[in-house]
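Number of protein chains: 2
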Amino acid sequence: AGFMWDVAEELNAMLVFAEHRYYGESLPFGNESFSDSKHLNYLTSEQALADFAVLIEYLKETIAGARHSPVIAIGGSYGGMLAAWFRMKYPHVVVGALAASAPIWQFGDLVPCGAYFAIVTDDFKKSGTGCSESIRNSWDAINHLSSTDAGLQWLSRTFHLCNPLKNLQDAAMLKSWLSETWIDLAMVDYPYKADFLQPLPAWPIREVCKFLKDPSLPDKLLLQNVFQAINVYYNYTGEASCFDMSETATKNLGQLGWYYQVCTEMVMPMCTDGVHDMFEPQKWDFEALSDECFRLWGVRPRPSWILSMYGGRNISSHSNIIFSNGGLDPWSAGGVTQNITDSLVAIVIPDGAHHLDLRSRNPCDPKSVQQARALEVHYMKQWIAEAKHQH
Amino acid sequence: AGFMWDVAEELNAMLVFAEHRYYGESLPFGNESFSDSKHLNYLTSEQALADFAVLIEYLKETIAGARHSPVIAIGGSYGGMLAAWFRMKYPHVVVGALAASAPIWQFGDLVPCGAYFAIVTDDFKKSGTGCSESIRNSWDAINHLSSTDAGLQWLSRTFHLCNPLKNLQDAAMLKSWLSETWIDLAMVDYPYKADFLQPLPAWPIREVCKFLKDPSLPDKLLLQNVFQAINVYYNYTGEASCFDMSETATKNLGQLGWYYQVCTEMVMPMCTDGVHDMFEPQKWDFEALSDECFRLWGVRPRPSWILSMYGGRNISSHSNIIFSNGGLDPWSAGGVTQNITDSLVAIVIPDGAHHLDLRSRNPCDPKSVQQARALEVHYMKQWIAEAKHQH
Chain W
1 AGFMWDVAEE LNAMLVFAEH RYYGESLPFG NESFSDSKHL NYLTSEQALA DFAVLIEYLK
61 ETIAGARHSP VIAIGGSYGG MLAAWFRMKY PHVVVGALAA SAPIWQFGDL VPCGAYFAIV
121 TDDFKKSGTG CSESIRNSWD AINHLSSTDA GLQWLSRTFH LCNPLKNLQD AAMLKSWLSE
181 TWIDLAMVDY PYKADFLQPL PAWPIREVCK FLKDPSLPDK LLLQNVFQAI NVYYNYTGEA
241 SCFDMSETAT KNLGQLGWYY QVCTEMVMPM CTDGVHDMFE PQKWDFEALS DECFRLWGVR
301 PRPSWILSMY GGRNISSHSN IIFSNGGLDP WSAGGVTQNI TDSLVAIVIP DGAHHLDLRS
361 RNPCDPKSVQ QARALEVHYM KQWIAEAKHQ H
Chain L
1 AGFMWDVAEE LNAMLVFAEH RYYGESLPFG NESFSDSKHL NYLTSEQALA DFAVLIEYLK
61 ETIAGARHSP VIAIGGSYGG MLAAWFRMKY PHVVVGALAA SAPIWQFGDL VPCGAYFAIV
121 TDDFKKSGTG CSESIRNSWD AINHLSSTDA GLQWLSRTFH LCNPLKNLQD AAMLKSWLSE
181 TWIDLAMVDY PYKADFLQPL PAWPIREVCK FLKDPSLPDK LLLQNVFQAI NVYYNYTGEA
241 SCFDMSETAT KNLGQLGWYY QVCTEMVMPM CTDGVHDMFE PQKWDFEALS DECFRLWGVR
301 PRPSWILSMY GGRNISSHSN IIFSNGGLDP WSAGGVTQNI TDSLVAIVIP DGAHHLDLRS
361 RNPCDPKSVQ QARALEVHYM KQWIAEAKHQ H
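Heads up: the sequence lines are chains W and L, in that order. The numbers in the first sequence follow our numbering, run straight up by one, and end at 391. The numbers in the second sequence follow our numbering, run straight up by one, and end at 391.
Just chain W, same shape as in the assembly:
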């Protein structure tokens, strides 16, 4: 959220970073918080929004001079959804919201379930000749090799895995670990060295694609190149001795709590077809998710709840929300990328990955993100002026 620090002084603002319940240190039942669905029961987006409402009222009552200060909600990704929903549900608490890379429409059947992966694929296609095709061909190469013990051993060695592959299930894990890596790379394809999920070079997909130019190579040569490619992601600092597939980069972002939210209300349908994307075809399987949720916590997800609660595409009666999205970001598939009304505005940053606009200013910033930030500041100033005028 470097952007907030960059513009705080210009907006004469106090910055408040409120931790979402059940994340970080905000554990309502301490170590028991994730123990079962009884303790997890209070982990919902609605409860989180209510926390923020009560917190802001408390701050206004207790901080000198804050009582009449207009408040703006700012967030990225899930935090961006929360920012938008907060303005929708508590317009008396915040005068507006900046919802960066917020896929508020990645629910129900509002967008095609494959759009997300098509964008990931497009990022790789644009970043080097033969790149997305190499990845598409890698799945069959892994399938061929994992059909024999010798092949499994070769894969384990080649990918420097800490725990060798023993069977087809392990090979499937390798594939999903690789898939997740490509997806994460699409989210963090920033124009300069960065350290969001992992320490990475500028335009990391370009670096990755330097190893993936020839999709027609034989299986082993192709997969050796794939290893070089993911090495950019997992070993940019050169420190990794072996790779543990159970440790993916996004793990630290509150994985267990988030999965409980997926298992209750945050149901985002996703699918691949291997044609419009570079992944192995996989249909959206709600039943499988539901059964897994029931197995883990005895709960089943409600796939239409978020739509009932927050309105889906029918949000035009709300106001003062900026939806910003990066053209490189797969999450833009479920985002608002066209203006809805004069005060529900969309900003698209063609060269931006996942909420690039919320990052600190950088000399390598593309023009598009500079303009996006300027427009965001413009709208925020306008909301503040209007709120002060009403007083």
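Check each hint, because a few of them may be wrong.
Remember, identical chains collapse to one label, so a pair may be satisfied in a single copy or spanning two.
Computed list of lysine to any residue pairs in SDA-like fashion (alpha-carbon distance at most 25 Å, straight line) [what the hints assert, rightly or not]:
hint	residue 1	residue 2
1	LYS388	GLY312
2	LYS125	ASN225
3	LYS125	VAL111
4	LYS381	SER316
5	LYS388	ASN314
6	LYS388	TYR259
7	LYS60	SER316
8	LYS60	ARG313
9	LYS126	ALA18
10	LYS60	GLY108
11	LYS38	TRP297
12	LYS388	THR341
13	LYS381	THR341
Calculated directly from the structure, the hints in this document are not laboratory data.
For this one, chain W is given, so just place chain L on it according to the hints.
Same frame as chain W, but now just chain L:
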């Protein structure tokens, strides 16, 4: 809700009466629903609103031709609050709301806690010379008499009580039973014979006041008149053989569930001073309420929750809500009686009691309620036209 039947055809409308959870037959845990706070835990206004959202979506999906029909929320009293809040929180589900006699501001310190009783008093003052003064003087008369056993016996006999008064506590019950009766009369002071809380004559307060012309009578004569007066309320049909103070007229309106709501979120401060009103002075005592709630269910009310949730006076960013209030209705004290914006409009019916506008058309309707209903229909047609235009 005769009004809804009266205008349904003109609006080409389907009427849906959705029962609020924990009221009537909508008991989520059957006979156990009120057994403890664990079973009562799901009785909140937020949960009720979510029920209505899901219900409306279900009806739109399952009833032929309903999918694109604009929906309007209509309610009176607590139901009026729900109607207003429903439009605020679920503007994607309803295009507007008619909130009749909805005291959405009877919370926190938004209105003086004595305003409600000042209106009750005013109704009696306007309905007959000496009327409110007689009632004001009746409390001391009861206090005098209840200081002796003979006096208590006399009171029991005079008020035809099924269970004789035995002590000062019983006498206090008599007083609160009388107070509640005056309040209820103010709510149902309709211009024609009606049967909302009790079967009653037209303008019942006028009838009551015919017995309360001389406030300077000695105690016993004054109280005999008070008995004649409440007899209008409790025995208009002449069938009552004795009066049971534990059976007040509002009891059947889901009293226990409502009290749980008062004990959690619906905290409406009320007070009397005996100067601006005709009641015995009684300060608002939040602690007493809180202790009683804790004793009953182990819960304590959150007096500012409704304000945090629904915005208090700061609701101008919403739209398409009619707030109608009757000038005779004590609940108008906490209602919205002035326009907030072009589409958050107030309608005041000077001669109206509690949501008179929602009652069926009647030849004795004052002009003011006829005009109110016409305006309500006008706005509803406008919302429907706008919604259809957007499609």
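Right, here's what the structure says about each hint:
no. : hint             : result
1   : LYS388 to GLY312 : between (31 Å within a copy, 18 Å between copies)
2   : LYS125 to ASN225 : within (16 Å within a copy, 92 Å between copies)
3   : LYS125 to VAL111 : within (22 Å within a copy, 64 Å between copies)
4   : LYS381 to SER316 : both (22 Å within a copy, 20 Å between copies)
5   : LYS388 to ASN314 : between (29 Å within a copy, 14 Å between copies)
6   : LYS388 to TYR259 : neither (41 Å within a copy, 40 Å between copies)
7   : LYS60 to SER316  : between (29 Å within a copy, 20 Å between copies)
8   : LYS60 to ARG313  : between (33 Å within a copy, 16 Å between copies)
9   : LYS126 to ALA18  : neither (38 Å within a copy, 55 Å between copies)
10  : LYS60 to GLY108  : between (37 Å within a copy, 17 Å between copies)
11  : LYS38 to TRP297  : both (9 Å within a copy, 20 Å between copies)
12  : LYS388 to THR341 : both (22 Å within a copy, 17 Å between copies)
13  : LYS381 to THR341 : both (18 Å within a copy, 23 Å between copies)
Hint violations for this structure: numbers 6, 9, all remaining hints satisfied.
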